[in-house]
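**Student:** Okay, here's what each chain looks like letter by letter:
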Amino acid sequence: MSKIEIQHLSVDYKEKNSHFTALKDVTFSVEAGEFVSVIGSSGCGKSTLLSVLEGIHFPSEGDVLIDGTPVRGTGNDRGVVFQQYSLFPWMTARKNVEFGVKQARTNMEKKERYKIADEFLAKVGLEAFKNKYPSQLSGGMQQRVAIARALAMDTDILLMDEPFGAIDAKNRTILQELLLKLWEGDGTKSRKTVVFVTHDIDEAILLADRIILMSTNPGRVNCEIPVPFERPRNRAALVQTVEYSAFRNKLLALFYGDIASKIGGDEVVL
Amino acid sequence: MMAGKSTDRRETISLRKRFFRITNLLFLVLIGIQFLPDQSANPALSMNVIWFAAGLEVLVLLVSAVIKRQAGLTLFLDIVGFIYVFLILWTLASAKFMWLKESLFPPPGRVFAQFIEDIDKVWVNVLSSLGIIVQGYLLAVVIAIPLGLFLGWKSRVGNAATYISKFLSAIPPIVYIPYGIALLPTFRSVSVMVIFLATFWPVLASTMSGVMNIEQKIVDSARVLNVNAFTMLFSVILPASLSQIFIGCNQGLTVSFILLTSAEMIGARNGLGYYVKNYSDFGDYTRTILGIIIIGIVVVFISFLFNRLQRYLLRWRR
Ligand SMILES: Nc1ncnc2c1ncn2[C@@H]1O[C@H](COP(=O)(O)OP(=O)(O)O)[C@@H](O)[C@H]1O
Ligand SMILES: [Mg+2]
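Going line by line, the protein sequences match chains A and V. Going letter by letter, the first sequence gives residues 1 to 270 in this note's numbering. Going letter by letter, the second sequence gives residues 1 to 318 in this note's numbering.
Don't read these hints as lab results, they were simulated from the structure. Careful, some of the hints might be misleading.
[Said to hold, decoys possible] 25 Å max Cα-Cα, derived DMTMM-like pairs, lysine to aspartate or glutamate:
1) A:Lys24 x V:Asp120
2) A:Lys130 x V:Asp220
3) V:Lys217 x A:Glu15
4) V:Lys217 x A:Asp200
5) V:Lys217 x A:Asp12
6) A:Lys123 x A:Glu34
7) A:Lys102 x V:Asp120
8) A:Lys24 x A:Asp67
9) A:Lys132 x A:Glu109
10) A:Lys95 x V:Glu215
11) V:Lys217 x A:Asp156
12) A:Lys3 x A:Asp168
13) A:Lys132 x V:Asp220
14) A:Lys189 x A:Asp118
15) V:Lys154 x V:Glu215
16) A:Lys14 x V:Asp220
17) A:Lys132 x V:Glu215
18) A:Lys110 x A:Glu127
19) A:Lys189 x A:Asp168
20) A:Lys95 x V:Asp78
21) A:Lys111 x A:Asp67
22) A:Lys3 x V:Glu215
23) A:Lys14 x V:Glu215
24) A:Lys16 x V:Glu215
25) A:Lys16 x V:Asp220
26) A:Lys102 x V:Asp281
27) V:Lys217 x A:Asp168
28) A:Lys123 x A:Asp77
29) V:Lys217 x A:Asp154
30) A:Lys3 x A:Asp77
31) A:Lys95 x A:Asp118
32) V:Lys217 x A:Glu109
33) A:Lys250 x A:Glu177
34) V:Lys154 x A:Glu15
With these hints in hand, go ahead and build the complete structure from the sequences.
**Tutor:** This is the structure we're talking about:
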């Protein structure tokens, strides 16, 4: 049994007098401790897929199972990071993390919760900013806090929807490496199961064990590609290898080939 | 850059900026004109003005010496400067040149003297008025906010309750007074009821509209944390709609004072409105003016505290 099983999932958005099929017959599974990236062009239903896993949207058809049980709502077995606005603006960074821990560990004492909050804020390099409000932090710092919160909640599953999508290129690189380091850990604890949505191919290759490529209209799975690179991964070393370029090109071809077939032409001018 | 922010806040203010300000000059002018000959028939009791101004100026010098932020100092000095200008014009217009009719506009010294004489009575009336406001207002806020949170949350798309509370908050609450008098035994209970209604509907309406305008992202963030209904309502929905809620609370507070003082002028046996009305009926304009000034001070003081509370509770906003 896989950690997450998505079986023939379809999601329709019902509007006034029309149906919009955001996802059509999506099937794939994620093993425990696996890092899966979902990539696809914007509008192909990545966020919709994740919101079903989060438990805030429900399947029109098919089902989503976690540990063999159908998802019937939100649960404290899943930690979530959105692209933006995951944090509560009226709570300090520290309070935001503590609040998350409180929801996930209902019988933990307050002192212990704050200790954990401090520990994880230190891990993301924000111990000096823990008493700042989100409005006093840059976008990158806010995402660090959101990641710290998701990790501090110590859930089996992490769901991330383009968490670095609104961050500038330099900080995005830093955050990717931070996430990679924290997720890979030092081997003493079992890794978390991660579903990571992105539209950045390099980000997906660097982070994921496996890539799910989605296509649009209706949103569905195009193909699944295992990422053949050893861990722990080092970006600087990795991107210089021939294997990396070859793999990246293969992915690009699949990605854009899909778009080309959609427009009906053979060539895509970028 | 941000870590250093808290230490950068201590500014240095030059001696000139601290002590040689227009406000200090106005103080000297105010004292100076007190020594002009009086034209009024009754004694102007100018010493009272001198004592008051001297006390205020001591406070000004103390604050000027210790305050850390220049913006705060300027604000404080501007307010005191305004009081000095007011007293200068008043002194000149009454005691010194008699531009105003003496029986209607007694000189400031007499009003200060009256204040000292009546201080117990004034205090009783202030407490009476404040007691009614606090009761009616707090009761309304304590009921309207949770109810608004609940109703707003149950009907995030907008429904009858929104329109009804908007409609009811637009009715001038003064129209409830006749019914209050017919239904309730004492003037005090009528006042509490009217203030309750004057506050209840606007707070309910603004709370509901606040809840319905919360960004979906905030709600989703809370939902994916698997919060329970109570936490959702009071730890997420409430703070997220707080700035809207304050709009209704502000409206309620302003209207409450207007209502109460008017109501007290109509039918009360104590309270600040009663104080003003009663003495103006007897032609005692010294006490009438004193009452008006006290009402002004109370309103300014309450609004100041309220603003402080609002700023504190919304300190997380940019
Ligand atoms: N609440 C909604 N109601 C109607 N249509 C929606 C809603 N949310 C998303 N959609 C539509 O569903 C499609 C997939 O959206 P989304 O899952 O956000 O895609 P992605 O995250 O891959 O960009 C888009 O065409 C979008 O317009
Ligand atoms: Mg999306």
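**Student:** Each of the hints needs a verdict: does it hold here or not?
**Tutor:** So, going through the hints one by one against the coordinates:
Between lysine 24 (chain A) and aspartate 120 (chain V), the direct Cα distance comes to roughly 79 Å. Violation of the 25 Å bound is thereby established for this hinted pair. Restraint check: the Cα-Cα separation between lysine 130 (chain A) and aspartate 220 (chain V) comes to about 23 Å, which is no more than 25 Å; the hinted pair holds. With a CA separation close to 20 Å, the supplied pair lysine 217 (chain V) and glutamate 15 (chain A) stays within the 25 Å bound. Only pairs whose Cα atoms come within 25 Å are accepted, and lysine 217 (chain V) paired with aspartate 200 (chain A) is accepted, the gap being roughly 23 Å.
For the given pair, lysine 217 (chain V) sits about 20 Å from aspartate 12 (chain A) by alpha-carbon distance, which is consistent with the 25 Å threshold. For the given pair, lysine 123 (chain A) sits about 22 Å from glutamate 34 (chain A) by alpha-carbon distance, which is consistent with the 25 Å threshold. As the CA atoms of lysine 102 (chain A) and aspartate 120 (chain V) are separated by approximately 53 Å, the hinted pair breaks the 25 Å bound. The suggested pairing of lysine 24 (chain A) with aspartate 67 (chain A) holds, with an alpha-carbon distance near 23 Å, which does not exceed 25 Å.
At roughly 23 Å between alpha-carbon atoms, lysine 132 (chain A) and glutamate 109 (chain A) fall within 25 Å of each other, so this suggested pair holds. Straight-line distance between C-alpha atoms of lysine 95 (chain A) and glutamate 215 (chain V) comes to about 20 Å, which keeps the hinted pair within the 25 Å bound. Taken as a hint, the lysine 217 (chain V) and aspartate 156 (chain A) pair is honoured in the structure, with Cα atoms around 23 Å apart against an allowance of 25 Å. For the hint linking lysine 3 (chain A) to aspartate 168 (chain A), the alpha-carbon distance of about 33 Å lies beyond 25 Å, and the restraint is violated.
The straight-line distance between the Cα atoms of lysine 132 (chain A) and aspartate 220 (chain V) is roughly 23 Å, inside the 25 Å bound, and the hint therefore holds. Pair hint lysine 189 (chain A) plus aspartate 118 (chain A) holds up; C-alpha atoms about 20 Å apart against a cutoff of 25 Å. Straight-line distance between C-alpha atoms of lysine 154 (chain V) and glutamate 215 (chain V) comes to about 16 Å, which keeps the hinted pair within the 25 Å bound. Pair hint lysine 14 (chain A) plus aspartate 220 (chain V) holds up; C-alpha atoms about 19 Å apart against a cutoff of 25 Å.
Proximity of lysine 132 (chain A) to glutamate 215 (chain V) is assessed by CA-CA distance (about 22 Å); at most 25 Å being required, the pair is judged to hold. Of the supplied pair hints, the one linking lysine 110 (chain A) and glutamate 127 (chain A) holds, its CA atoms being roughly 19 Å apart against a limit of 25 Å. Between lysine 189 (chain A) and aspartate 168 (chain A), the direct Cα distance comes to roughly 32 Å. Violation of the 25 Å bound is thereby established for this hinted pair. For the hint pairing lysine 95 (chain A) with aspartate 78 (chain V), the CA-to-CA distance comes to about 39 Å; that exceeds 25 Å, so the pair is violated.
Distance hint between lysine 111 (chain A) and aspartate 67 (chain A) is unfulfilled; the C-alpha atoms sit about 32 Å from each other, more than 25 Å. For the hint pairing lysine 3 (chain A) with glutamate 215 (chain V), the CA-to-CA distance comes to about 32 Å; that exceeds 25 Å, so the pair is violated. Proposed proximity of lysine 14 (chain A) and glutamate 215 (chain V) is supported: the alpha carbons are some 21 Å apart, at most 25 Å. Taking the CA atoms of lysine 16 (chain A) and glutamate 215 (chain V), the gap is about 22 Å. The hint holds against a cut of 25 Å.
In summary, the hint linking lysine 16 (chain A) to aspartate 220 (chain V) is supported, as the alpha carbons are separated by about 23 Å, within the 25 Å threshold. Restraint check: the Cα-Cα separation between lysine 102 (chain A) and aspartate 281 (chain V) comes to about 63 Å, which exceeds 25 Å; the hinted pair is violated. Pair hint lysine 217 (chain V) plus aspartate 168 (chain A) holds up; C-alpha atoms about 22 Å apart against a cutoff of 25 Å. Proximity of lysine 123 (chain A) to aspartate 77 (chain A) is assessed by CA-CA distance (about 22 Å); at most 25 Å being required, the pair is judged to hold.
Among the hinted pairs, lysine 217 (chain V) with aspartate 154 (chain A) is consistent with the structure: their alpha-carbon atoms are about 22 Å apart, no more than 25 Å. Between lysine 3 (chain A) and aspartate 77 (chain A) the alpha-carbon distance is near 11 Å, which keeps this suggested pair within the 25 Å criterion. Annotation: proposed proximity of lysine 95 (chain A) to aspartate 118 (chain A) holds, straight-line Cα distance about 10 Å (limit 25 Å). As the CA atoms of lysine 217 (chain V) and glutamate 109 (chain A) are separated by approximately 29 Å, the hinted pair breaks the 25 Å bound.
For the proposed pair lysine 250 (chain A) and glutamate 177 (chain A), the alpha carbon gap of about 24 Å is at most 25 Å, so the pair holds. For the proposed pair lysine 154 (chain V) and glutamate 15 (chain A), the alpha carbon gap of about 21 Å is at most 25 Å, so the pair holds.
In the structure shown, a violation is registered for the earlier hints numbered 1, 7, 12, 19, 20, 21, 22, 26 and 32, in ascending order.
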